[in-house]
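Enquirer: Chains as they are written, first to last, in the numbering used here: chain A, 31 to 233; chain B, 203 to 369.
Hint data in this document are derived by calculation from the structure and do not stem from the laboratory. A few of these clues could be false.
Unchecked claim - So the derived label-pair ranges between C-beta atoms look like this: (1) Leu166/A with Val362/B: 26 to 36 Å; (2) Tyr360/B with Asn230/A: 34 to 44 Å; (3) Ala220/A with Lys248/B: 23 to 33 Å.
Claimed, not checked - Straight-line Cα separation of at most 25 Å, DMTMM-like style, residue types lysine to aspartate or glutamate; simulated pairs: (4) Lys310/B with Glu227/A; (5) Lys289/B with Glu309/B; (6) Lys310/B with Glu120/A.
Backbone N, C-alpha and C define an ideal beta-carbon position, used for all residues, glycine too.
The primary structure of each chain is shown beneath.
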Amino acid sequence: MTIWWLIVIIGLILFIGVIFIYIILHLKSSPRSEKELNDQTINGSIDNIFNDEFREELRNRGRLHFEKIITENAMFLQQDLQLTTSQLNEYMKIEITQKLQSEFVKYEESLTTAKQLTVEAIQKTNDAIDQQRETLNLEIQKQIETEKKQLLARFENNMASIVNHYVLEAIGNQIDLNDQLEYIVADLEANKQAMIEDINNGS
Amino acid sequence: MVHSIKTKTAKNTLSLPLSIISPVDIGRVERELWGIKNYVEQNKLKKEDFKLPKLSRLLDNLIDLNNVNLNNQLELSSLISQVNDIKVNSPVIHLSFSVDPSVLFLEKITAWFRKEINPILLLTIGLQPTIGAGLTVRTTNKYFDFSLRQRLANSTDYFVKVIQEQT
Chain A
31 MTIWWLIVII GLILFIGVIF IYIILHLKSS PRSEKELNDQ TINGSIDNIF NDEFREELRN
91 RGRLHFEKII TENAMFLQQD LQLTTSQLNE YMKIEITQKL QSEFVKYEES LTTAKQLTVE
151 AIQKTNDAID QQRETLNLEI QKQIETEKKQ LLARFENNMA SIVNHYVLEA IGNQIDLNDQ
211 LEYIVADLEA NKQAMIEDIN NGS
Chain B
203 MVHSIKTKTA KNTLSLPLSI ISPVDIGRVE RELWGIKNYV EQNKLKKEDF KLPKLSRLLD
263 NLIDLNNVNL NNQLELSSLI SQVNDIKVNS PVIHLSFSVD PSVLFLEKIT AWFRKEINPI
323 LLLTIGLQPT IGAGLTVRTT NKYFDFSLRQ RLANSTDYFV KVIQEQT
């Protein structure tokens, strides 16, 4: 909208300039007629009036007037340009703001989407880690149980020999054979028949 | 005083004193008897008066128990024959103890075996410190373990149960 205004103003200035040039040229090349011839006489006298000095003065006045018009137009043009520039700035500002806002909205949407995706990914990772941890816990628990059972079984299997060893080490040499005689005889009595049979049947 | 178990078999009426325990003892007695027999025969051939040499404790116990006159060649020959018969035919049982048993203890054990199992039974004694207490008996074909080690080994389930209750 402002660009169109600028173009119109520039066109107006050019139009005014063209009219001004046309007036100048028209004044210089007007057609000669009888009246003109008559006027030539007049003009001769006029020329006397409008001598070089006067003409020079008129020329100076015209120049000044032209400069004034040019100055005024330039001023108008400057004002228009300033206005146009300010409008253009405003427009640019608005456009850029809108663009930026839309970009920001898109950027925000992208960020939101990325954030959502990241959160989902993190959630999935967390779920996977939780599952893995649970599986690992179960596996470790199972292995601990197995190892515990193995240790217990090994301990139970070897316990007798360990206890035997320590008991025998502790009391083995402390028990007198005479004190054992009663038990020994009782054991022998219990197996007497087997011994007799073995001796009778043995080779 | 000599403890003994009388042998009442058809062939052998010899009683073994409790001091004769192992085949080694009976072998020593037999060798000693053979020596005495040779000594008596030599002296008889020389037609000299002779006196029997000092006897070992084992032989002394044996002749005291069986009232044998060693000067009588017939009785001596009979004794040698019976001793040899015991050496060859008597059953032998091997006993193992955790410590070296005393003579008195061995005599008690020997008395029980000769009374309950066989009157001419001989024992060989071994040492097995790992059994802790009690004894192991090895007959011709069987092995009896009356040791503390075996008793503890048999009580494994009980130990496990007690420990599990404690824990």
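Enquirer: Now tell me if each hint is right for this structure.
Expert: A quick look at each hint next to the structure:
no. : hint                               : verdict
1   : Leu166/A with Val362/B: 26 to 36 Å : holds (33 Å)
2   : Tyr360/B with Asn230/A: 34 to 44 Å : holds (36 Å)
3   : Ala220/A with Lys248/B: 23 to 33 Å : violated (59 Å)
4   : Lys310/B with Glu227/A             : holds (22 Å)
5   : Lys289/B with Glu309/B             : holds (19 Å)
6   : Lys310/B with Glu120/A             : violated (133 Å)
Checked against the numbered hints above, the structure violates hints 3 and 6; every other hint is satisfied.
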